[in-house]
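Following the hints, complete the assembly by docking chain B onto the known chain A.
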Amino acid sequence: MEHKEIFDHLTALFPETGLEFDEDVPCIVVPPAAIRDVSLQVRDDEMLQFDFLMCLSGVDNADGTLGVVYHLHSVPLGHKLTLKVIVPADNPHLQSVERVWRTADWHEREAYDLVGMVFDGHRDLRRILNPYDWEGHPLRKDYEVPEFYNGMKVPY
Amino acid sequence: MGLLDKQFDDGNIVLTSVEGVLNWARLCSLWQMSFGLACCAIEMMAASASHNDIMRFGVLPRPSPRQCDVMIVAGTVTLKMATRVKRLYEQMAEPRYVVSMGSCSNCGGPYWEHGYHVLKGVDRVVPVDVYVPGCPPRPEALLEGWMRLQEKVRDFSLVKKNNGTA
Numbered sequence: 004m005e006h007k008e009i010f011d012h013l014t015a016l017f018p019e020t021g022l023e024f025d026e027d028v029p030c031i032v033v034p035p036a037a038i039r040d041v042s043l044q045v046r047d048d049e050m051l052q053f054d055f056l057m058c059l060s061g062v063d064n065a066d067g068t069l070g071v072v073y074h075l076h077s078v079p080l081g082h083k084l085t086l087k088v089i090v091p092a093d094n095p096h097l098q099s100v101e102r103v104w105r106t107a108d109w110h111e112r113e114a115y116d117l118v119g120m121v122f123d124g125h126r127d128l129r130r131i132l133n134p135y136d137w138e139g140h141p142l143r144k145d146y147e148v149p150e151f152y153n154g155m156k157v158p159y
Numbered sequence: 081m082g083l084l085d086k087q088f089d090d091g092n093i094v095l096t097s098v099e100g101v102l103n104w105a106r107l108c109s110l111w112q113m114s115f116g117l118a119c120c121a122i123e124m125m126a127a128s129a130s131h132n133d134i135m136r137f138g139v140l141p142r143p144s145p146r147q148c149d150v151m152i153v154a155g156t157v158t159l160k161m162a163t164r165v166k167r168l169y170e171q172m173a174e175p176r177y178v179v180s181m182g183s184c185s186n187c188g189g190p191y192w193e194h195g196y197h198v199l200k201g202v203d204r205v206v207p208v209d210v211y212v213p214g215c216p217p218r219p220e221a222l223l224e225g226w227m228r229l230q231e232k233v234r235d236f237s238l239v240k241k242n243n244g245t246a
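Those sequence lines, one after another, are chains A and B. Heads up: the first sequence runs through residues 4 to 159, numbered per my numbering. Heads up: the second sequence runs through residues 81 to 246, numbered per my numbering.
Same shape as in the complex, but just chain A (with noise of 0.2 Å):
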């Protein structure tokens, strides 16, 4: 199924969550609050069948807003989506969908430690690449390096 017949098929099914679809990179935008049922619902609905995570990544907008994107395959149906959410980057919430993907796990754990969007439910959301007293995240695009870190000195 191409996108917008993906997206036909969502709103039919979700049609309080106010679900958008872009144009223009072909997705469909989420509300944070509704990412967990859409991605159990395109999991097990057997017309899509996306029984696979392939990458799940954390972006910083720069313009107060932070977004997470969901590229999802099928395996059995041999099709492509695309999921987006944006968040504040003052409140960045969303809920977790490591339960529905086990491949989320690590993926959301980077783009909290990285990017900071904090998604609620996932049961082990800790640092993983950086250290775990690491202060800051840094790929967001206000990041300011530290001077120092645990007494080792950061600039060149």
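Just so you know, these hints were derived from the structure itself, not from any lab. A hint or two may mislead.
Under the rule of at most 27 Å between Cα atoms (straight-line distance), these lysine-lysine pairs were calculated in the BS3-like manner [said to hold, decoys possible]: (1) A:Lys156 <-> B:Lys160; (2) B:Lys166 <-> A:Lys87; (3) A:Lys144 <-> B:Lys160; (4) A:Lys7 <-> A:Lys87; (5) A:Lys83 <-> A:Lys7.
For the chain A half of the interface with chain B, some residues (derived, Cβ under 7 Å), not all of them [to be verified]: (6) Pro134; (7) Pro141; (8) Val148; (9) Tyr152; (10) Met155; (11) Tyr159.
Yeah, the Cβ is synthetic: ideal placement off N, Cα and C, and Gly gets one too.
Below, chain B alone, put in the same frame as chain A:
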């Protein structure tokens, strides 16, 4: 002073100083801590393999810092790893030496400006004896650095001060 400069023709007698023979023994059996941090470790492994055969210098890779004389810091030292490198160095028995291999561990390498997570030179956490330049250095460069380190050990003195050990 060379080891064999006072050799007698009969009786298997060689005259040398205690320091000379001890340093000769030590520099010919510098044991190396076996760990690599990035692509430099591939060149370090190539130096150990048959073509370059760093073992002819008496180098033996050891899995424990307690059994090692030399730490080759081969690769990018992230801030997360820097605390571990420092801990490993502190666990080595003295006299101990550090070879900094490659641009990353010398000065941060290509991460010098935008690497928020990279230590700009391992000499900010441990004292370095020999710097091997290159990105990554060829195995020959590492062997050259190793021979520089051997020269340093050869000049070591138990009685003289400031003999260059860390």
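Taking the hints in turn, this is what the structure says about them:
1. A:Lys156 <-> B:Lys160: holds (13 Å)
2. B:Lys166 <-> A:Lys87: violated (43 Å)
3. A:Lys144 <-> B:Lys160: holds (22 Å)
4. A:Lys7 <-> A:Lys87: holds (15 Å)
5. A:Lys83 <-> A:Lys7: holds (12 Å)
6. Pro134: The hint holds - A:Pro134 has a Cβ within 7 Å of chain B, the shortest such distance being about 5 Å.
7. Pro141: Since chain B brings a Cβ to about 5 Å from A:Pro141, closer than 7 Å, the hint holds.
8. Val148: holds (5 Å)
9. Tyr152: holds (5 Å)
10. Met155: Constraint on A:Met155 satisfied, holds at 6 Å.
11. Tyr159: Hint holds; A:Tyr159 Cβ to chain B Cβ min 5 Å, cut 7 Å.
Comparing the model with each earlier hint shows a violation of hint 2 alone; every other hint is respected.
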